[in-house]
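Visitor: In case you want the letters, here they are:
2 protein chains.
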Amino acid sequence: MPKGGIEVRAETTGALTRMAHELLTSPELGELLDKLEREIKELPYESDKASLVRVTRRQYDNAVKLPTKLVEELEKATALGQDAWERAREESDFRAFEPHLARILELQIEKAHALGFEDDPYDALLDTFEPGMRSRDVTALFDQLKSRLVPLIQAINERADAVDAAPLQRGFDVDSQWSVTMEVIERIGFDLKHGRQDRSAHPFAMGLAPTDVRLTTRFDPEYLGSGLYGSIHEAGHGMYEQGLPLEHIDDFLGNSVSLGIHESQSRLWENIVGRSRPFWRYFLPKVQAAFPGKLDDIDVEGMYRAVNKVAHPSVIRVEADEVTYNLHIFLRFELERELIAGRIEVRDLPEAWNEKTRAFLGFTPASDKVGVLQDVHWSAGLFGYFPTYTLGTVLSAQLYECVKRDVPDVEDRIALGDFSAIKSWMQARIYRHGARFEPLELIERATGEPLRPEPYLRYIEEKYRELYGIS
Amino acid sequence: MPKGGIEVRAETTGALTRMAHELLTSPELGELLDKLEREIKELPYESDKASLVRVTRRQYDNAVKLPTKLVEELEKATALGQDAWERAREESDFRAFEPHLARILELQIEKAHALGFEDDPYDALLDTFEPGMRSRDVTALFDQLKSRLVPLIQAINERADAVDAAPLQRGFDVDSQWSVTMEVIERIGFDLKHGRQDRSAHPFAMGLAPTDVRLTTRFDPEYLGSGLYGSIHEAGHGMYEQGLPLEHIDDFLGNSVSLGIHESQSRLWENIVGRSRPFWRYFLPKVQAAFPGKLDDIDVEGMYRAVNKVAHPSVIRVEADEVTYNLHIFLRFELERELIAGRIEVRDLPEAWNEKTRAFLGFTPASDKVGVLQDVHWSAGLFGYFPTYTLGTVLSAQLYECVKRDVPDVEDRIALGDFSAIKSWMQARIYRHGARFEPLELIERATGEPLRPEPYLRYIEEKYRELYGIS
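As they're listed, the protein sequences go chains Z and L. Just so you know, we're using the working numbering here: the first sequence kicks off at 39 and counts up by one. Just so you know, we're using the working numbering here: the second sequence kicks off at 39 and counts up by one.
Hints listed in this document are in silico derivations from the structure and should not be mistaken for laboratory results. Computed from a prediction, not measured in an experiment: that's the story for all the values here. Hints should not be assumed to be uniformly reliable.
No copy labels: a pair is met if it fits in one copy or bridges any two.
Straight-line C-alpha distance at most 27 Å; calculated DSS-like pairs for lysine-lysine [claimed, not checked]:
{"#": "1", "residue 1": "Lys41", "residue 2": "Lys461"}
{"#": "2", "residue 1": "Lys114", "residue 2": "Lys231"}
{"#": "3", "residue 1": "Lys103", "residue 2": "Lys394"}
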């Protein structure tokens, strides 16, 4: 979009948001739901009709709690806030962003109280991204993770030189990187008849419909991992979007269910599959052929090690490796809970951020630009969003354990270039359900167990102890 | 868009079209217009309020004549029709497209009768693109043009070798073509803070708002003219869109007024300015610098001649030179009038097309692909659209005569790279009025005269007689 188009687009999206809110909160819909709830009493819980009424009721009840004025104010504050954040980040000037963030936070707290909660206002916001999840459960889960990840990271840091990522930094022609990512995302299962990939400043995935899913990626000529793993990550999101039930495209059952479930798909493909030995058994010759002479001296083991190097210190969240990434999330989760609870003030946020960075990651950010201003989320009003990244990461390992249980030779198949078993499993257990079940319910139905950290901790500890020679 | 996304997009645009039609035809709007028409009786014709009521009334009256069912049927038939046309054109198989075109034509005739007309159903359709224009006036105008253009083209064809376009066919690096077009469109006045250019399969211009106007272009490495003049043409459309009154973005006054007026802007920049000597006086050194060694032996006169070569025969409309282009329009205008009047049947269209091509252009198309199937318009239901291309062409010369009258040194300024006088003139006389006046009214107000062919005929005859040495 040209710079000068921002204002009109903000007005347009504001108008559409209002229209959607008005439709969703119309008294006719409320009356219809009352009537239908009596009708579906005898129907099975999983049936289309019962599910549609149940899920629509949930959307309706949440929407009617939000006054149109608040919805509009939030839309306006975040449109301005994002613009202010962008400029503030460029100048590394938190003070220029502070009044905007203060206003957004104020409206978020208002929103939390409008939505209602049991004991923690943060829950109301978290629930909009991860229905059914409570912050006490997140805290308990994160504490368990922390107690095992922090010592693991310490052990890794002591042996930082054991893994060498230099092969990925040999300079890689961007057009060939493009071809490689196209080959990889198509091979792992992203359907190019119903989706496409383009280049942009930031990687993202967006499903306009299951039949039209757009991915973007970006390339760093100095680092092969950036474009390749960015594309695989977005393709993971994209396959979920392509697998959503097309017959429900016009109702709420056709939606993805939560950000955590979404992230479980992107992380699974990016990290568990994409950074595995079988993946490289299949793809290494192809990647070598795409960059003649660049990687001829590297074998599967060398590639596997290079793509799993743990960075230290890990300054920017989106560039963090899969182990330290979670620490970035813990930090943001704790800070935003404090902000929502009013236990820290916006003006004290940079200091709080730096303090927590020292505690969690062991360094002080060089500037607010690479510190408290590094993420777009708060400027966009996305409080309660960050924890879903780690929830998805944890879930990805739990799902993959189930895939391996049900398809014992899945990794042999991957090594031969056949990735279809994973997508089929996800299609049957996750994708096709859309938003029919709440996330925690979907996880139990898909895996037979509640969300739990053990599979992830097992995965991450086994992988990195072996990689770094930690006993 | 990925191939598989077509169906859902058709449903989405169908739904939006229905919603817009329902809003526009709502009884509340009708009552409001009745009430406002009494209120504005005393207001000046040009005033915002009077104009808004008058223009809205026109939109409302036309919309209420169209039953929602017809609007939906048209939307559906053209969505399917365009897909069928694309495939039929690829295979050069008119019979595959025939039933779709027959259905679209049937609906167009229904639409013409629903809209109403005095003596010619074609007028009802023409009026949707060029309000106030009647086909008898178009016929009279086209006859005048024909009587002068046909002998001119004959004379040119007899001296076809007098002009040499070979310098444009020396092979031009596409990245450098991109840079050149960006430099040109910015210099002539397209505002890149409120617009952008991208590459696509077909050149087009689209104004999302005056603050956000998108252009696309395409490049032919074998022919420099294709991308350069495509970009200038679209930038002409784009400057008009950027100049529309922003304060009327949410009402009908903020729209462009007609396709003919739009085309007058694109043709003016593409042909009258872009294919002139002063243009090349300024741009030749820049274009030479963009393609080192390629055009060093060409002077301004050589470039001026090369970009004005008249192609013979001129097979494809969109690739035709500015002289024979009009013959393509006459041909289509006559055929679509016959179709709407029921004087020829769809099944006889290919033969009728070929016959008229022989009569107007002197050759028989090698296949339906490059004959009757070459244009998208009819598959999209755009009957009555073609004449606006020539109306715009004629008007472009009339407007430029006025610019030269008001700014006598405009061509000296162009030669120095200052194109601002033309845009300022258009801003004051055309752009800023949006849809406030009907096209014929706007032309009279802008030029002091009705639309007339003399300036165009003078321009084209003087230019091409000199170029081809015709006495």
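Visitor: So, against the hints stated earlier in the document, which numbers end up violated here?
Guide: 3
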